[in-house]
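Novice: Okay, here's what each chain looks like letter by letter:
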Amino acid sequence: MTDKRPFDVLNNSLNNTVVVGLKGGVEMRGVMSSYDVHMNIVLEKCEELKDGQVKRGIGTILLRGDSVIYIVPTA
Amino acid sequence: MTDKRPFDVLNNSLNNTVVVGLKGGVEMRGVMSSYDVHMNIVLEKCEELKDGQVKRGIGTILLRGDSVIYIVPTA
Amino acid sequence: MTDKRPFDVLNNSLNNTVVVGLKGGVEMRGVMSSYDVHMNIVLEKCEELKDGQVKRGIGTILLRGDSVIYIVPTA
Amino acid sequence: MTDKRPFDVLNNSLNNTVVVGLKGGVEMRGVMSSYDVHMNIVLEKCEELKDGQVKRGIGTILLRGDSVIYIVPTA
Amino acid sequence: MTDKRPFDVLNNSLNNTVVVGLKGGVEMRGVMSSYDVHMNIVLEKCEELKDGQVKRGIGTILLRGDSVIYIVPTA
Amino acid sequence: MTDKRPFDVLNNSLNNTVVVGLKGGVEMRGVMSSYDVHMNIVLEKCEELKDGQVKRGIGTILLRGDSVIYIVPTA
Amino acid sequence: MTDKRPFDVLNNSLNNTVVVGLKGGVEMRGVMSSYDVHMNIVLEKCEELKDGQVKRGIGTILLRGDSVIYIVPTA
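Sequence lines, in order, name chains V, P, G, X, D, Z and S. Our numbering puts the first residue of the first sequence at 1, with every later residue one more than the last. Our numbering puts the first residue of the second sequence at 1, with every later residue one more than the last. Our numbering puts the first residue of the third sequence at 1, with every later residue one more than the last. Our numbering puts the first residue of the fourth sequence at 1, with every later residue one more than the last. Our numbering puts the first residue of the fifth sequence at 1, with every later residue one more than the last. Our numbering puts the first residue of the sixth sequence at 1, with every later residue one more than the last. Our numbering puts the first residue of the seventh sequence at 1, with every later residue one more than the last.
Treat the hints with caution; some may be incorrect.
[Unchecked claim] Heads up, simulated DSS-like pairs for lysine-lysine below, C-alpha to C-alpha not over 25 angstroms straight-line:
1. P:K4 x G:K4
2. X:K55 x X:K45
3. X:K45 x D:K23
4. Z:K4 x X:K23
5. G:K23 x X:K55
6. P:K50 x V:K23
[Said to hold, decoys possible] Computed Cβ-Cβ distance ranges for the label pairs, DEER-style:
7. Z:K50 x P:G24: 27 to 37 angstroms
8. G:D8 x X:R5: 17 to 27 angstroms
9. G:K55 x S:L14: 22 to 32 angstroms
10. Z:K23 x P:N15: 22 to 32 angstroms
11. Z:K50 x G:E44: 47 to 57 angstroms
12. S:E44 x G:K45: 57 to 67 angstroms
Everything labelled a hint here was simulated from the structure, so no lab data went into it. Note that the structure is predicted; figures quoted are calculated from it, not measured. All residues carry an ideal CB built from backbone N, CA and C; glycine is no exception.
The shape of chain V in the complex, shown without the other chains (with noise of 0.2 angstroms):
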């Protein structure tokens, strides 16, 4: 094992933007203001991408973290 651990990422990118992958293959991009051992997260300011472009924005959303795949932190 390692002195890291995956959920750094998470804690680091509190108030940061990122993007959520969930299945299905939409993007969310926002500002995390939340998350749990779950893997819920909230965004903040949150718009959904496709193919890297902006579909429409959303605002605040808690994604169940059951459907995430990935988390991308852009800060």
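The hints should help you fit chains P, G, X, D, Z and S onto chain V, whose structure is shown.
Specialist: Showing chains P, G, X, D, Z and S alone in chain V's frame:
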């Protein structure tokens, strides 16, 4: 971790309108009257949406948490 | 949290007609005679619906909770 | 809650004919000789159905509960 | 409940030929030499079937319980 | 139950060539150097197969148990 | 069992380049900086691959273990 938690979004949305995204691409919009730790959610005055347009009126609906992908507060 | 809980909807619907949405897009409409904590549900006088129209009569049916997406009380 | 429970339907159907709907749309019809809490089910004299018609005779079959969507007593 | 249990079918089929249906529609036919509580199953002299016809010979195979839909004793 | 257990097949296959079938239809063939109770499996000198033909060489690979459908010893 | 364990492959790959296969056929290649018991994995300098070719650069990414099918060390 942070002082905020994802379920705060649910608690703050009680008796307010939310949009719930379900597996399979369906969205339900209604007034959230209750939820539990499994993210089972009850919406009142619920409408089913397709591409953001109202597809049909439903009334009260209990959504099983296992099917929930995201929740968007609209208030 | 709230004083109301999602399972209240189930309890209040006992012996009343409900529509249950299942994975795969099927809807079953019938009188709910019992349920349990897994959302296993028994409907009496059940009819299978397709696009809101009756596809076939079934009678009594036990629906496995794992397949349930939503429950709509109609009373 | 109610005095009735969903598993009553299974218990009352022992040694009677039931139709079991499985994930993927297959239906199996046979005489239920046993079941357990996971909804693993054994049917005797089982026939596979497609659109309500007999597709093939099978005999005894053990159905894994995880694949079951619904159970319809026919007696 | 009944005195019979679904796993009796597995126990009675030890060293006999069974057909195992897997997710995705594949069937495997062989002599069951062992199983466990997860329905992990070992078949000897296994053949893969497609539409009831032998597609290829395999020999010994360990099937993961999570992929099993049904088991048909043929003895 | 029997004296034999499904995991015996894994234990007997250590350092021998096996074919592992994964969800989605991919097969991996290689020398199994380790496994655990979740059926996480490490193959050395692994080759990806398609319809029984070598599609590409991979080398060492860790297969997540959750994706495994079957394991075929070839020794 | 053996003295080697599947997670040894992860531990030995820390700070080395790995390719991670995800559900849906996507591959991610990067330097693994951390992992945990759920196979949640963090890659640095990550690139998304399609048919072995670089599709896009990503940077740091947290992959949810539930989506991982395989991990290939390339060092």
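Novice: So, for every hint listed, does it hold in this structure?
Specialist: Each hint tested on the structure:
no. : hint                              : result
1   : P:K4 x G:K4                       : 23 angstroms, holds
2   : X:K55 x X:K45                     : 14 angstroms, holds
3   : X:K45 x D:K23                     : 23 angstroms, holds
4   : Z:K4 x X:K23                      : 31 angstroms, violated
5   : G:K23 x X:K55                     : 24 angstroms, holds
6   : P:K50 x V:K23                     : 19 angstroms, holds
7   : Z:K50 x P:G24: 27 to 37 angstroms : 30 angstroms, holds
8   : G:D8 x X:R5: 17 to 27 angstroms   : 18 angstroms, holds
9   : G:K55 x S:L14: 22 to 32 angstroms : 56 angstroms, violated
10  : Z:K23 x P:N15: 22 to 32 angstroms : 43 angstroms, violated
11  : Z:K50 x G:E44: 47 to 57 angstroms : 50 angstroms, holds
12  : S:E44 x G:K45: 57 to 67 angstroms : 60 angstroms, holds
Hint check: violations occur at hints 4, 9 and 10; the rest are consistent with the structure.
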